[in-house]
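All chains, please: the whole structure from these sequences, using the hints.
Number of protein chains: 2
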Amino acid sequence: MQNFLLNIKLLKTMHREKIRVGFQGEPGAYSEEAILSAFPNADPIGYRSFREVFDAIERNECEYAVIPIENSLEGAVGEVHDLLFEYPLMVRGEIILRVKHNLLALHGVTINMIKNVYSHPQALAQCSVFINRYKLNPIAVYDTAGAAKLLKEKNDKYSAAIASKRAADIYGLNILVEGIENNTNNYTRFLIIGMEDIKKPTGSDKTSIIFGVRHVPGALYKALEPFAKRGINLTRIESRPSKRKPWEYLFYVDFEGHRLDEKVASALQELQQVTSIIKILGSYPISASQHQ
Amino acid sequence: MQNFLLNIKLLKTMHREKIRVGFQGEPGAYSEEAILSAFPNADPIGYRSFREVFDAIERNECEYAVIPIENSLEGAVGEVHDLLFEYPLMVRGEIILRVKHNLLALHGVTINMIKNVYSHPQALAQCSVFINRYKLNPIAVYDTAGAAKLLKEKNDKYSAAIASKRAADIYGLNILVEGIENNTNNYTRFLIIGMEDIKKPTGSDKTSIIFGVRHVPGALYKALEPFAKRGINLTRIESRPSKRKPWEYLFYVDFEGHRLDEKVASALQELQQVTSIIKILGSYPISASQHQ
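So the sequences go chain by chain: A and B. For reference, each letter of the first sequence is one residue, going 310 to 601 in the working numbering. For reference, each letter of the second sequence is one residue, going 310 to 601 in the working numbering.
No lab work stands behind these hints, which were simulated from the structure alone. Just so you know, not all the hints are guaranteed correct.
All copies of an identical chain are treated as equivalent in the list; a pair is satisfied when it fits inside any one copy or across any two copies.
Below, simulated SDA-like cross-link-like pairs (lysine to any residue); rule was C-alpha separation at most 20 Å, straight line [said to hold, decoys possible]:
| id | residue 1 | residue 2 |
| --- | --- | --- |
| 1 | Lys588 | Gly387 |
| 2 | Lys461 | Pro447 |
| 3 | Lys466 | Ile589 |
| 4 | Lys572 | Arg475 |
This structure is a prediction, so every number in the text was calculated from the model and none was measured.
Okay, structure coming up:
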């Protein structure tokens, strides 16, 4: 009895030690895979929308969140950019995940039995070669993990789902075929966000900022000058509508270096003089698996 | 009898005179509204996917197509950018449409009867204030016009759809409330594409190009220099993954001027020297309703 109580206590302590990390989606989503790759001891908490994830951090319901910012085939996740501008959160890191789509089915089902395949439209498009080869009927649902869940709930022997390995584990499905995507250059870059800033440079850092420029010829050119003339490498530039006025944009820029590095600090100071608005999202270590 | 035959002939001639213009979506889609605003005599032909629209032009099944390129709240339509790079088509014009979302229901239905509202997730998000005020249950479907069609087919008296005015006409629905969007700064910019180029400057033109740069510090800055030093106004810059290599991008740039204008021609010549790839999508008249 004493041992039992002790174990309960231990369990609770272990649970408390787990870091709560928010993501958008159902259990088994690729975002959850990204979380567990960076925080093996995490307690991943799924939310319905990206906005709910950002709210959860602000309310201190989660310590961090992991959100997809861009995919190497599909491009930017627009909504996440807008939320990064809106919320006073900091970017604390990046995670790069190789997206591997798998064909999942109920145990005992063979590929010849399958007629339909459920997944998110983007995943279906990314596996079109495989789907056409096996003459499957693609059916769009809102979530890859949701497709796996649906298959299990319906106990459907004539359908498959395209989802992550983790979704197979969670929903008790069999992985019929692994890695069925057309293009293996399929990576998603996630950002780790939280309330607090990382102040210490590691020597291999990246900085993310947002800025706006006045609508005059050469405005963006002038905004890039402080980086170009110091040899600071821009790794990404993404434009988003300002929403304040049609056809007015904000620029989301990532570049190499920490904002406390002398070179970067002086570039940012100069940038401030040619921009109408500037927001520093944070400096953080470059992912070891960054493919350039 | 002769008159009857004559009329058939006339009808056929009239039909042939109609310009076939492709779009993505169901009849009643906002793209169809855009087509009819620019080609009052058009025969709009709906396709399931953007790729099918591009194929239809190449096969000469349609003379033109009208495709959404960006929305003032949601940003770029990524897939369309990739297809513009892939297909050897020319941009021949732009159309700017104010997107007005309407609440549609069966005739005889009042707002108090409605419990659910069907629409595309983006349209539901853009009308969230209205939806919350009336405590409606949002249900996501793949297409705004498809939502209207579904409502009619189900003969559902307890639901509404958010779609265009044209969708109300086509599916015989009643417009219960007009303009229910949260933000009235809601414009979509469409491009008119076709096989042939517009060679003649009008004096108020815009040019769209795509280019890639080598991954070295200052590469984008150097690519913008030819425009900045000539005072050529960039109206838009959008980055897209190259798909060839992760984290390598192509830049989609719109600027004022026709590519046969001396200033623009020399800027493009200079640009060619600092880019790894360049594709000119076309020069075309600036839309009269361009909001800047």
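Structure-based check of each hint:
1. Lys588 to Gly387: within (17 Å within a copy, 25 Å between copies)
2. Lys461 to Pro447: Within. Shortest intra-copy distance 17 Å satisfies the 20 Å Cα cut-off; inter-copy 25 Å does not.
3. Lys466 to Ile589: Intra 51 Å, inter 50 Å, cutoff 20 Å: neither.
4. Lys572 to Arg475: This pair counts as neither: shortest intra-copy Cα distance 43 Å, inter-copy 56 Å.
In summary, the structure is inconsistent with hints 3 and 4 from the numbered list given earlier, while agreeing with the others.
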